[in-house]
Amino acid sequence: MIKHMILVASILCCTTGVYSQEDVKVLSQTEVEQLKTQMPLAAETAYNEGILAFQAKNYTVAAEKYSAAINAYPAFEMAFYNRGLCYEALKNNDNALADFQKAVELNPNNSDALYKLSSMYDATGNKEKSEEYLNKAIAVNPKNTQVLYKRSTNYFMQKEYDKALADLNEIILLDPSNAFAYNDRGSVYKLQNKIDEAIADYKKATLLDKSLVIAHNNLGSAYRKKGQFDLAIKAFDAAIALDKQFYLAYNNRGFARFEKGDFDGAIADFDLTIALKNDYAAAYNNKASVYLKQEKWNDAVKMCDKAIQLNAELGSAYYNRGIAYEMLRNPKQSCQDWSKAAELGIEAANSYYSNSECYKF
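Whatever position you read off the sequence shown (first residue = 1), add 941 for our numbering.
Since the hints were made in silico from the structure, they are not lab data. Nothing here was measured: the structure is a model prediction, and the numbers come from that model.
Think about it this way: if two alpha-carbon atoms lie no more than 30 Å apart in a straight line, the pair counts; the simulated DSSO-like pairs of lysine-lysine are:
(1) K1201 / K1151
(2) K1247 / K1185
(3) K1247 / K1273
(4) K1167 / K1201
(5) K1218 / K1166
(6) K1218 / K1144
(7) K1201 / K1135
Make the full structure from the sequences, and use the hints.
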């Protein structure tokens, strides 16, 4: 009898750049005194009026005020930066980019403008330019935790985990209350299979910010990987209590319940996942995995069919359907599915394909 392996998707989420919109730059008394000899009163007045308009979220008026300040004093670096923030808020990205570039032209050490340029180039897909400005911003101000956080996220997405870890360690050293940094360092540790360290960081993140849903979810994933299913379920419960629309937490709690042997509970959670996001292919495949364990072969096929309909590149769905077809005595179809699963990178499918009679087909 074929020995099947259950594949259930678990989602690990790394927080991405969760910072509020930047505040406009307010002139300090020292800066005012320095500029007074060069800048006319009209520029200062318009600038301050721009700040008030921006804080009231009246971005169009704020941009007009900063334009007036620039007209009165064309070398007004911070007015260009602040107007760039207004244009960004108004989704006028070309003008925002031009203003941030002008701010850097006037002051190459304006780390905030350098960071904004990096973010804007990143949004347009120009990763090379984005990285260039990001590194310039860090070189100017290596203690800017927001910029370091962005770079750590880039390293994480590029799977350069040691570099991400170095930046996250620095952020935590500079800002020990940064819950996002602890969460993301936990994600790095989890991928490095340092589960105890990951659990410690996720717990720290939830203590620093009890409302950080993703940290509760990730704590559950770490507990599940360690085989501590009750603690995993408790952590997923906490994530769901904070955000009842967070479908990944239902999916992951279903995974923990499945591994605990609570198949009915797992099905219930995967159904809740589907109710919240009916195009989430992994949830249908996960239901199929439970049905395989329960030897409900036809139900497993139906769920895999739906998963494949939603995501034709989901190799585990072909793999699971191949198992179901094998148990339904349909070797031709099972071999076709295992072949497709292997093509999509499911290594276990290779052994089933080569160890069966698939060569006949």
